Amino acid sequence: MLVKAKGTQQSVAASRLLDGEAVWLGTGNIWVEDVALAAVFDGADAIAEALCFAKAEEKRQVVVDVYPLDVEITDQGTRPTHLRERLKGIGPTVRRDLGKQARQPTA
Amino acid sequence: MPDTHSPALRSNQPADAHAAVYRYDEFDKTFIFERVEQFRAQVERRIKGEITEEEFKPIRLMNGLYLQLHAYMLRVAVPYGMLSSTQVRRLARIARVYDKGYGHFTTRQNIQFNWPKLEDVPAILHELAEVDMHAIQTSGNCIRNVTTDQFCGAAADELVDPRVYAEILRQWSTLHPEFTYLPRKFKIAITGSPNDRAAVQVHDIGLIAKKDEVTGRVGFTVYVGGGQGRTPYLAVKARDFVPVEEIIGYLEAILRVYNQLGRRDNIYKARIKITVNEMGPAKFLGLIEEEYARLPRQKFHVDPAIVDAIQTHFAAPPWADLPAVSESFEAAKQADPAFARWTRTNLTAHKTQGYAIATISLKPIGGIPGDAESSQLETVADLADLYSFGEVRVTHEQNLVLAHVRQDDLYALWQALDKAGLGTANAGLISDIIACPGLDYCALANTRAIPVAQRIAERFADLDRQHDLGELKIKISGCINACGHHHVGHIGILGVDKKGEEFFQILLGGDAGTNAALGEIVGPGFDYDGIIDAVEVVVNTFVKLRQPGEIFIKTLARTGHAPFKEALYARA
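So the protein sequences, as listed, match chains A and B. The first sequence lines up with residues 1 to 107 when you count with this note's numbering. The second sequence lines up with residues 108 to 679 when you count with this note's numbering.
A couple of the hints might just be wrong.
Stated by the list, open to error - Computed cross-link-like contacts, DMTMM-like style, restricted to lysine to aspartate or glutamate with a CA-CA straight-line distance of at most 25 Å: (1) A/K4 x B/D372; (2) A/K4 x A/E58; (3) B/K207 x A/D65; (4) A/K55 x B/E226.
To be verified - Computed far set for chain A versus chain B, every beta-carbon distance over 12 Å: (5) Q9; (6) I30; (7) W31; (8) A36; (9) A39; (10) D42; (11) A46; (12) A48; (13) E49; (14) C52; (15) F53; (16) Q61; (17) T74; (18) Q76; (19) G99.
The set of hints was computed from the structure by calculation and includes no laboratory data. Everything numeric in this text was worked out from a predicted model, so none of it was measured. Built from N, CA and C at the ideal position, the CB exists for glycine as well.
Chain B extracted, bound-state conformation (with noise of 0.2 Å):
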């Protein structure tokens, strides 16, 4: 075994003693369980045809299961993005026993698996309840697998730890009797620092930490009615400060307004972004207002001893005293550019003198993206034994994270990683590109997204060049249900069928972050071997215009579209 600083290994604990995910108590075990098993019986009586397959799709839904092109699909929550290293090893065990040696990690932080036969589905649940993990709350017309910054609890900008409320949504949304049958799908993310990196914009609900300057308290900001899809919409400020306390009842008041008005007549208007533009936002508001006004305020109340218990769950690893400067790290980077470079993209500053964020990349140059192997997987925990207290995080970006690396373990960390194909310098460059499952294994799909993907990777393969162009964020989706977030992308990408073949849009300007933006169509769509050329136009263009310095996002911001369209089209 490598030498490791890890306080659980050398005291004999187990490596994941310290990772910062909600353990289940009894309650919570012999839920999941007795779920497992109502589902178990389901499969039994839907395969001796007890049940139809009408009655039986709602079921297989609400367990995660879904039917696509080629096999059934089992969507696997990741609450919040956090995983421990036994729950990672066990999703590397569930891809090798019963799928095929591999996981997709979504936008929405959960992890899919492609070919999962139905007899088997209850087998895989179960060995998920095991390790305190389950498929629920991850389709259906209900309140979804609540997401949240990848950094949380290590970001030197944190206010509030955003998992801790998450966790508590979770609880409050599971079964509730409500909000299981919403007019449609319910995203939710929190982003606990005031720098958005959960998107929170584009959400149904979406809160943000803020403290208030003259009491002190913490609260979120809370905005409703964002999303993407067909019809996207940035979501309007409901409240700006709501304080924690507070964050449940107010959530309360919008999910009912939302539950009685939501349309039910037709599935593309059914989304609380529709019902908040079509009555107007501040209709909207003044009935959320209306409703928490009635709500039995005490009753939504969030206790501080529930807040407090649910804090050790997320309690803070034990971080050693280190000296801010790592003298091995520094003398590494000298020694090696290619660990310099990673350094460059991929870490992150830590709220803790002597350690870093290390974003480990799943968007190898042409690999596909969110993909890992059930080795990768397996590689994944013993570094974050080894390294990181035994915790791996899932981003909505697609990668992975470790988030308490001593900088004197970064070396040998990198080497690790690139040695098994997960060590690529591209966090937040060209090559790190969202992209849908598409019609490669999508049934909504009309056209291929992944390998659009992989050749924009390929084009842009020489490291050098992508680092010299700086933050570039590209999302491609398959059709216009915009998983792949395109709309949101510095460089959107959307497939379309054009009579048959594929066909690809481009949007500039879209924006996830703090300042969020909805990207605009730049003009007539490209044929799939145009789209990567195009993309290229796009690129060399902006390496016309910027200035030192400036990021593609801020000089498309002072130059306008015009330049770009231009450039794209002239020549036509």
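Bound-form chain A, shown alone (with noise of 0.2 Å):
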């Protein structure tokens, strides 16, 4: 189930209006399908400003489902605190060839 978001860090998940694939809103207000490329929003003003476009690309027909989760900054990039947004970045644990996680790295 949807866990709200209450931290200070957060990012904006959604999913592509054509095909559900899961996207998060990446520097300079472009949608990525790596989580790990996922913008970083800190503080209340931030997070307001960046859903604000989200819902907008929502009444442009390019994304549905827009809502914000909790994310930390790692190494690896922006990483998701709960394990359900975790998840929705790889693909499904039980088929490791399919989703996010079975695609090559790009070069």
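Reassemble the complex: the two chains are provided individually, in unrelated frames, and hints are given to aid placement.
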């Protein structure tokens, strides 16, 4: 179940309208498919501004199901703090051949 | 082609000519193709931005399309679990062309595809419509796909063929103007014999066939207000006997009362089970009777001509006149212990001499419960054509069934199944686990369920050990919505979120059968690693306590929960 974001560092998640692919709002307001590349918004104002842009993207038929999530910054990039959101970032743990985890790293 | 006894194949008819599925007439076909085109236009309008997601969401749900954790998910209806081999092959094709090469069979006898693209869904629905299938009533606050006993039409204990009434209910409920926007979803299950194989007492309405011993009339005992989820209830008996011809009228009365009084202010209190129990069963049942008395009975009387017409879709296949004992079957059991083991768990007695009902396990050790690859679906379709009149059934326990196999053919069938990874001898045993998709796929889940099932199956991988334990049903849900039926597992497992970590509670004593019961939480939960050891402690305790020939649920009923609780927690 979706866990309400409460932390000071948050990212914005969504699903792409056409194929349902999980995406996150990246730097420069670009939707990225890798959660490690998700932009981290610090503080209420920054989070509200990001959500405002994401909601507008919903109205432009780019994404659906926009919501904020708690994250932390690691050496590997942005990492969701909750298990649900980490799994959204990789794919089903019972099918390692499917989802984002199955993709070859881009050169 | 292997030898076949299929009369259809031998006479150049379609191999599934005798499959007992409802075949659409022109009215049905027109309706379903119009519905596909309607949804195609709605998808186009959504993509163009002419309708918002808020407007589109209820429309897509009415066509079985969810948005899950990683992608869209399309739930396709398998009416009362019946499929022809043609339909199975089409599902295999859809999985291969539009999805990722597999489908997932559910506890409502449906199939889900986990990765469709929105823009492909109208094409998928069109392909389904070509083989008399759709995704209507698989979501939304309507009367959902009616489920039934997977052995219908073949079981020796059957009083009435539940498929006939399931189909009548389907036709009655599809686009029913009053019941398309109910307070909440509504699930009906029917079993055609006195022995419940459809978990009817945990449904909004459950029907169990009954014969009036005085008049000889056949009808149903009607249960109402059962359900699982966060507030589980067993259904209460509304009437001991409703004749088959009055069943639509009686259900209309129940639905009217629920539609009027069911809560719409709180989604968690909107199911009929809450209405029944908040009001008190006696008062609610009284209102049903008042409504039923008011109804124009003749309007809802099930016309025998309609029953006869629908019955033709489910006519018995042309069984051969066979000896009661198959010498080749007996010889194969003697010669091959692995086959003999499969026959002990995966075969059920058929009402016709010389035949058997074969359960195809979709629970290989370490596999994902209910998943089937496209190639496996095609194998099952081929085997159904060769050995079971081109017909396949889906069970609510996430397995498949070939209902009419000659005993002479069983060894060849099992060998082919085994080669395809479908021959595991574990139906009804500890590794035949129901598990919801859980957090690996589901947006609502709190924890994973599938890997817990996989690790339990691996812990008990030794089939000799499983057979020694006997019938033991484990059911796992990744959240309190209970899609994995944990409330009615002999051992139920419920995943809960504990400060961002997965924890699992154990329930003991649930039963989905004729002696339906809800399990009770035995104590504090276990972490992801600990839950497998905990299940083994429960099982080992059973082994110490059991009397000769006693199955788990009987031992538990005799001893109570205390020794199991002590074994689980005394060491803490």
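Exercise for the section: Starting from the hint list further up, note which numbers the structure goes against and sort them upward. Expected result: 16 and 19
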